[in-house]
Amino acid sequence: MCLAIPVKVVELLDGDEATVDVGGVRKAISLALVDGIAVGDYVILHVGYAIQKLDPEEAEKTLALFAELGENLGAAPA
Amino acid sequence: MKYINEFRDGKTARVIAAAIAAETRADRRYHIMEFCGGHTHAISRYGLSDLLPQNIRLIHGPGCPVCVLPIGRIDNAIDLALNRGVILATYGDCLRVPASGGLSLLKAKARGADVRMVYSSADALKLAQDHPEREVVFFAIGFETTTPPTAVALLQAEKLGQKNFSVFCNHVLTPSAIANILESPEVRLHGTVPLDAFIGPAHVSTVIGSQPYEHFAEEYEKPVVIAGFEPLDVMQAILMLVRQLNEGRAEVENEFSRAVTRAGNVKAQNLVAEVFELRKSFEWRGLNEVPYSALRIKAKYAAFDAERRFGIEYKSVADNKACECGAILRGLKRPQDCKLFGTVCTPENPMGSCMVSSEGACAAHYTYGRYKDAVGV
Ligand code: SF4
Numbered sequence: 006m007c008l009a010i011p012v013k014v015v016e017l018l019d020g021d022e023a024t025v026d027v028g029g030v031r032k033a034i035s036l037a038l039v040d041g042i043a044v045g046d047y048v049i050l051h052v053g054y055a056i057q058k059l060d061p062e063e064a065e066k067t068l069a070l071f072a073e074l075g076e077n078l079g080a081a082p083a
Numbered sequence: 080m081k082y083i084n085e086f087r088d089g090k091t092a093r094v095i096a097a098a099i100a101a102e103t104r105a106d107r108r109y110h111i112m113e114f115c116g117g118h119t120h121a122i123s124r125y126g127l128s129d130l131l132p133q134n135i136r137l138i139h140g141p142g143c144p145v146c147v148l149p150i151g152r153i154d155n156a157i158d159l160a161l162n163r164g165v166i167l168a169t170y171g172d173c174l175r176v177p178a179s180g181g182l183s184l185l186k187a188k189a190r191g192a193d194v195r196m197v198y199s200s201a202d203a204l205k206l207a208q209d210h211p212e213r214e215v216v217f218f219a220i221g222f223e224t225t226t227p228p229t230a231v232a233l234l235q236a237e238k239l240g241q242k243n244f245s246v247f248c249n250h251v252l253t254p255s256a257i258a259n260i261l262e263s264p265e266v267r268l269h270g271t272v273p274l275d276a277f278i279g280p281a282h283v284s285t286v287i288g289s290q291p292y293e294h295f296a297e298e299y300e301k302p303v304v305i306a307g308f309e310p311l312d313v314m315q316a317i318l319m320l321v322r323q324l325n326e327g328r329a330e331v332e333n334e335f336s337r338a339v340t341r342a343g344n345v346k347a348q349n350l351v352a353e354v355f356e357l358r359k360s361f362e363w364r365g366l367n368e369v370p371y372s373a374l375r376i377k378a379k380y381a382a383f384d385a386e387r388r389f390g391i392e393y394k395s396v397a398d399n400k401a402c403e404c405g406a407i408l409r410g411l412k413r414p415q416d417c418k419l420f421g422t423v424c425t426p427e428n429p430m431g432s433c434m435v436s437s438e439g440a441c442a443a444h445y446t447y448g449r450y451k452d453a454v455g456v
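In the order they appear, the protein sequences are chains Z and X. Numbers in our numbering are just positions in the first sequence, counted from 1, shifted up by 5. Numbers in our numbering are just positions in the second sequence, counted from 1, shifted up by 79.
Next comes chain X alone, as it looks inside the complex (with noise of 0.2 angstroms):
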């Protein structure tokens, strides 16, 4: 397909491997964190970190929507679906991601909730309109780039007068996850999470531009290369860090730039600002509380949120106590220290949320990468 197999070259791949291991300097270290799912994916999928010189590390940062949301979420969504008899729609990643009492959407729905996979929230408000005696629920999760449809959807209801509609919000911003990174004590006082450069998100960058990072490079001195879902796009990004670090620059770079402009989508976000504002505070799995980084419903449109709608209640739920998601989401580890990757959790039964989405850290490195480092390779 036109616009992707130019970009996932093999050929080409090994030319820009060259480059790197050429400019590298073997006296200092790249410590990159990729914070995209999408981007985890992809360097599992295509075995990149085999293509880069020794010290050149990635690692994963915490943004993939399914494994961040945290579980008394997805509690208040069953509890919704199986006591409040809605029909709750929701993309098919959150099906099955762990919750309280060994349930999951997935098992909920075993149980009789009424859970619909939708691929896209237009087809959650179709739901409701085909249904009208029922309450429809969208339970809307993702980082910018998945909001802007939820508030084409939520404005669509309001026009049709759709009072059968409504949305439990769940969707979190990058910009404040990233910067919760860096200030976190890992990374500022311990170092434990040694962090030098982030390659930056493709897609949530299409819709927020390129502008939001500036501050990322300047404040904290680190660089950041926006970049594109396909192989060569990765390593082109790093390579293009290496070349920052290597010059002691901690700049915004656009490697995407046939989708990212600095601006980004200004349709988009006047559609997201007319419909959301910011929540104060946001639990995430892995991060805890990080202040305003995540949405909620205005209140002029409050007939469509879930939350007031149903009287949602959100109470906080730890996670599995052997599963280290936790630590994962935050750089400090990688799934193969968890004991119980690829025993005991796997993507058909995952004991956290990183086993779920193919773009978790803990999924990707099971479907593409376990066994390479079990011979020790």
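Isolated chain Z (complex conformation) (with noise of 0.2 angstroms):
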């Protein structure tokens, strides 16, 4: 009920929808609830609802983050 999955806006419609690409396929989602959404943006799709934009920068923080993580215990003796 709660799972909800990031997806790429790929064209703005009228009445506040976009059509998303979910992997793959091609679905018309709302924007209602969501400011300043553009064609490229990744959006956290809920029960049709885009619930959050997607923080790019932030996503790639987590990432690099991890591979850190790898990098100090490859270097940690073992």
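Just to be clear, a hint being listed does not mean it is correct.
What the hints assert, rightly or not - Residues from chain X shown here face chain Z by an in silico Cβ test under 7 angstroms; the list is partial:
1. Tyr198
2. Ser199
3. Ala201
4. Pro227
5. Pro228
6. Val231
7. Ala338
It should be emphasised that the hints constitute simulated quantities derived from the structure, not laboratory data. Backbone N, C-alpha and C define an ideal beta-carbon position, used for all residues, glycine too.
From these two lone chains plus the hints, build me the complex, please.
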């Protein structure tokens, strides 16, 4: 029920709607709960609504943190 | 898919697991509750418990919307569909939840009730537009993630003057449920549920932000790390909690910063505040009556409130005696402690609500974890 996924906005439509790409499938969703969405943005999709915009920089930071963890462990004397 | 696959990488999961193993101290315990059913699902599906040291125990919380819905509320919905001639629109997860008299919405449908599964609140409104001669009731359930879409549909119905559309509101609030668990005698007095830290909800937090959890961290001295639903998110959150516990800190940290801010989605919050107000009390399966833990529709929108329109009266109904869902939702028991688990009670034929949705502890455990425990590994 609470499951929601990141999807890419491919087209803005009338009436606060957008077309998104869900793993290759196109789907119309509502943008009524978010502001300032542009084509190319990723949003979190839940029951037909974008509930939040995804921040690509923060995503990179989290992934960098994982990478750093790997390096530190690799460097640490086992 | 981007932003999904990178957070599911098995090699990285083992790296984080190694970091967790290196940092946990043998002389202490780490009892971590994942509040949210989405996390319960991810933990079972990816077998994350197997990657953790013995002294880290994950405890399932009550954050599965279908699981906490009390029988009486489903009875109300069934009554609307079976005896009041409405089209009852609902999310698919609600259909199999066992109600009184061996019924469920699905079984009511087989008896002629007009129950329609919808993917979105907008689809429910669409049903009302397509059937102007019928009353359409949207059976709205869920936590803060699912509430804003309900608000949008209701406001849209008002704008359209859609007189045959109403909402049976059962939306509940995460912070009140966490407070209820922390206040419970099992946690506070008896310590029968040892609880050291929380993994905070992912998508609920995209809406409400990280700020509402600051109170728990401070008041109850329990660390909270908000985590995304992918396996690496959960592992990283556990590492962050281990560090907080080791260092004696109790703060709110945000692992899911790619989607959660401190303030959350203010636009969504405002829409919710426009349409809904707090209920004094609401019954939860497993937690009983919890004060100020749910929402109802404001008088201003009474025309769209199914409770008022159909004079719905709530009656509390006791759960099936043998079902341990209540204790499981409070973190007191595990699915395998239930006598019915996997024998009488299966996802195809659920006896209790925890076996219905894939986020329910029993269903997740049945689908992904049962055999492992059966051979005692
Ligand atoms: S296995 Fe079934 S009956 Fe037992 S607690 Fe879980 S849902 Fe209830």
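Item to complete: Find the hints from earlier in the document that the structure breaks and name them by number, from lowest to highest.
Response: none
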